[in-house]
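Colleague: Listed below, chain by chain, are the residues.
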Amino acid sequence: MSKEKKVSYVKYQQGDVVMIKLNKSDFDEHLSHQYGLKNNSYKGTANIPAVLAFGEVTGHTHRVEMKDMLEEAGVTLHMSHGRTAGKDVPVAFTVEEADVTLIHEEHDDVVLPPGTYVLKIVREFNHITRRAQNVAD
Amino acid sequence: MSQIKSNKLHNDNINFSNYKNKYLNNKKIEYLIERGNVGQIAFFKGETGDRYSIYVFTKRSKDVVEVSKIWNQYGHGTDEGVRIAVIRKGVIEYNSGEFRAQSWVRYETAENIKQLSRQGIFNTNSPLKVNYVRSDYVLRIPKHDIKLCPWEGIKINLKTGKVVQKAPKHAINKLNTIMNQDKAQRKRNYIANKENTNALKRYRDAGGDTELARVWNPDEAAIALNMSKMDWSKIPMDDVFRHRNATLRSNIIEHYGMNAIMETLDYDVVDVNTIDSRYYRLLNVLIPDFSGASRGFNEPEEYRGLYLEMINPSTGESHFEGVANVGNNSWEHGLKEATVLAALAWRDNDASSQTTNNWSSDRPDSETYVKPVILK
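Residue numbers (our numbering), protein chains in the order written: chain E, 1 to 137; chain G, 1 to 376.
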């Protein structure tokens with residue numbers, strides 16, 4: 001068991017997607033400890049939208065439109081092992097150059113400044129099935 | 001595995017190979033008891049599921065055989081073992097005298113009776129059985145109509161197969177408790193099975209395919225297609241509490257919506273809070289459970305769950321989301337307190353986000369919540 005280290009962060013939220021902005025060293029440590037990730041990152045291209053979360057129920061996605069801003073902003077998605085960018089939800093992402101805007105059909109836009117972000121989907125506890133699960137919108 | 005050699009004490013021609021056991025199902029041990037020399041031992045490994053235990057029977061005097069249990073740790077040698085029973089004049093007294101719950105080995109009396117009986121340490125004509133029933137062990141010796149909860153110091157006559165003492169009060173009370181628990185649980189299971197069976201029939205009659213929900217990783221597209229073709233008028237909303245299958249419950253919630261289901265339930269408001277002009281209520285909701293599917297054995301009949309009522313900041317719509325209940329110990333990933341802030345912290349995974357150690361406790365309180373700088 002590794003030694004516990006308290007981490008402070010800034011939180012951004014759009015609906016069920018929580019983006020935790022960590023400093024670079026905490027970010028690297030978090031990915032390494034929680035996902036065993038070191039170099040499994042994906043640099044976006046203009047052809048694939050940087051989807052951060054998929055709407056399982058509505059089909060609406062929380063996404064950064066690549067054509068508009070991705071290339072100049074330099075967004076890198078960090079995928080867990082065996083996951084594909086644009087198809088699966090990343091565990092983290094990096095905004096390198098300029099602010100990017102996260103858009104969703106049912107929520108207002110969220111502007112994210114450059115930085116390293118860990119991505120979490122909010123969870124709910126279904127007391128009828130007695131299971132904790134990610135919120136699906 | 002026996003260390004028993006020829007018996008020099010007896011002036012007859014009976015040795016181990018031509019000895020016939022008269023009362024014990026384990027010939028080796030009976031021979032040690034009846035004809036073994038002082039200092040001689042016999043031993044065996046535990047049965048399947050107990051293979052790391054070694055049971056050693058040592059003849060201490062003419063009428064006394066001590067029984068010890070040794071933990072044969074994989075790759076780490078053996079421990080010193082503990083005495084778990086003594087056999088005096090054919091009567092075995094289970095008395096470890098040293099309960100070591102911290103060890104991987106269980107030294108409880110009932111467990112020892114069970115494991116030794118699996119190796120034939122019981123009267124041939126009076127087989128015994130030790131089962132775990134609901135919350136404790138029950139020893140049964142059908143031939144003598146014996147049913148009891150084994151206690152530390154219980155004595156069983158190996159020659160007659162009878163328990164030689166009267167059961168102490170605490171053992172009688174324990175047995176009564178177990179039997180009552182068992183009766184109640186069986187009744188509960190009967191009702192739950194009936195409710196579940198009827199709900200499944202209604203689901204199928206409405207055109208639902210219950211087989212789609214019976215797999216580990218359900219095909220969501222196939223379920224969605226099936227749900228779109230179902231006649232939902234045949235499925236009452238409260239069937240959500242009757243199904244045992246979680247996927248079928250989820251399908252009904254998806255059809256009716258959690259808000260509609262919540263309107264039918266009783267609840268208490270346990271906390272209210274306004275954060276950045278957003279209004280939240282934490283509700284303690286009474287969840288009916290006709291199926292008993294999700295109720296743990298020791299859980300009360302009445303189950304309540306915490307729900308957070310919130311307003312979508314972008315659309316202004318109110319909706320409910322369940323959050324974990326207040327956990328009673330550090331192993332439960334529930335809230336530390338029933339507050340809106342703790343519920344929000346649990347919902348946002350704040351406790352686990354605040355540490356790089358993924359083994360840390362995940363039980364937030366109000367202090368844990370990190371307010372978003374932007375929430376849309």
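Just so you know, the hints here were simulated from the structure itself, not pulled from any lab data. Values in this document were obtained by computation on a predicted structure and should not be read as measured data. Check before you lean on any hint, since a few could be wrong.
Unchecked claim - Under 8 Å between C-beta atoms, here's a sample of chain G residues computed to sit facing chain E: (1) ARG204; (2) ALA206; (3) ALA324; (4) THR355; (5) GLU367; (6) VAL370; (7) VAL373.
Where a beta carbon is used, it is the ideal one built from N, C-alpha and C, also for glycine.
Colleague: Each hint should be assessed against the structure and marked as holding or not.
Modeller: Against the structure, the hints come out as follows:
no.	hint	result
1	ARG204	violated, 20 Å
2	ALA206	violated, 19 Å
3	ALA324	holds, 5 Å
4	THR355	holds, 5 Å
5	GLU367	violated, 12 Å
6	VAL370	holds, 5 Å
7	VAL373	holds, 6 Å
The structure shown violates the earlier hints numbered 1, 2 and 5.
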